[in-house]
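Q: Heads up: the protein sequence lines correspond to chains P and Z, in order. Going left to right, the first sequence walks through residues 0 to 108 as numbering that gives the first Met the number 0 numbers them. Going left to right, the second sequence walks through residues 0 to 108 as numbering that gives the first Met the number 0 numbers them.
Calculated from the structure, these hints are not laboratory results. Since this is a predicted model, take the numbers as computed values, not measurements. Some hints here could point you the wrong way.
One copy or any two copies: either way a pair holds, since identical chains are not told apart in the list.
Derived lysine to any residue pairs resembling SDA-like cross-links, with alpha carbons at most 25 Å apart [stated by the list, open to error]:
1) K44 x D9
2) K44 x S13
3) K44 x I2
4) K18 x A81
5) K18 x A78
6) K89 x D59
7) K44 x L80
8) K18 x A29
9) K89 x P61
There are 2 protein chains.
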Amino acid sequence: MVIFRRLLGDVLRSQRMRKGLTLRQVSADARVSLGYISEVERGQKEASSELLASICMALDVPLSEILSEVSDAVALEEAALAMQLESMEKSLDLADEARPGGDVVASAA
Amino acid sequence: MVIFRRLLGDVLRSQRMRKGLTLRQVSADARVSLGYISEVERGQKEASSELLASICMALDVPLSEILSEVSDAVALEEAALAMQLESMEKSLDLADEARPGGDVVASAA
Chain P
0 MVIFRRLLGD VLRSQRMRKG LTLRQVSADA RVSLGYISEV ERGQKEASSE
50 LLASICMALD VPLSEILSEV SDAVALEEAA LAMQLESMEK SLDLADEARP
100 GGDVVASAA
Chain Z
0 MVIFRRLLGD VLRSQRMRKG LTLRQVSADA RVSLGYISEV ERGQKEASSE
50 LLASICMALD VPLSEILSEV SDAVALEEAA LAMQLESMEK SLDLADEARP
100 GGDVVASAA
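Produce the entire structure from the sequences given, and follow the hints as far as they go.
A: Printed below as a string of structure tokens:
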């Protein structure tokens with residue numbers, strides 16, 4: 000399961016770094032407590048839509064750009080999860096083939 | 000100020016409609032109360048990241064696709080807001096030019 004707030008936090012943090020801003024500056028500009036913004040960046044708290052808009056204004060980055068970056072990060076994670084799942088299914092298939100008459104043994108038990 | 004939850008709600012609703020699903024079906028599949036999903040679609044409640052993931056699974060649409068659509072909708076709204084602001088500024092400039100010696104009157108008051 001891909002968790003939106005975690006990737007949103009990553010994108011917000013990397014945008015802040017790119018702008019050379021401190022948490023304290025963004026907190027003051029966005030009028031949000033330092034602790035809250037810090038938790039949002041670490042993906043530990045959901046950001047309300049109003050807070051998200053304030054942070055975007057403080058970072059001087061359009062919300063659409065933030066969301067587009069989050070969408071890209073989510074897509075990468077979805078692809079990685081799909082590959083993981085596929086290789087797990089392959090391993091199960093191989094284990095099944097390697098077991099001689101596996102189903103018969105199972106039904107005899 | 001562009002409010003994320005409103006545009007997210009619009010996108011979730013339109014995706015549900017496209018799939019021909021009822022609120023009740025999504026609510027059952029995502030194991031979320033009907034009232035909550037309905038409020039999320041109307042942009043009245045923030046969806047937690049876990050709820051968002053469950054709704055996406057129930058809709059069988061990747062989260063990245065939902066976010067990409069929301070990003071596009073937000074970009075349109077940002078552009079509309081920028082145009083509105085520009086035309087307001089132009090009107091103010093015109094009003095300023097039309098007022099003879101506006102600044103002098105203001106400072107004399």
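Q: Any hints this thing doesn't respect? Which numbers, in order?
A: Of the numbered hints given earlier, the structure breaks none, since each of them holds.
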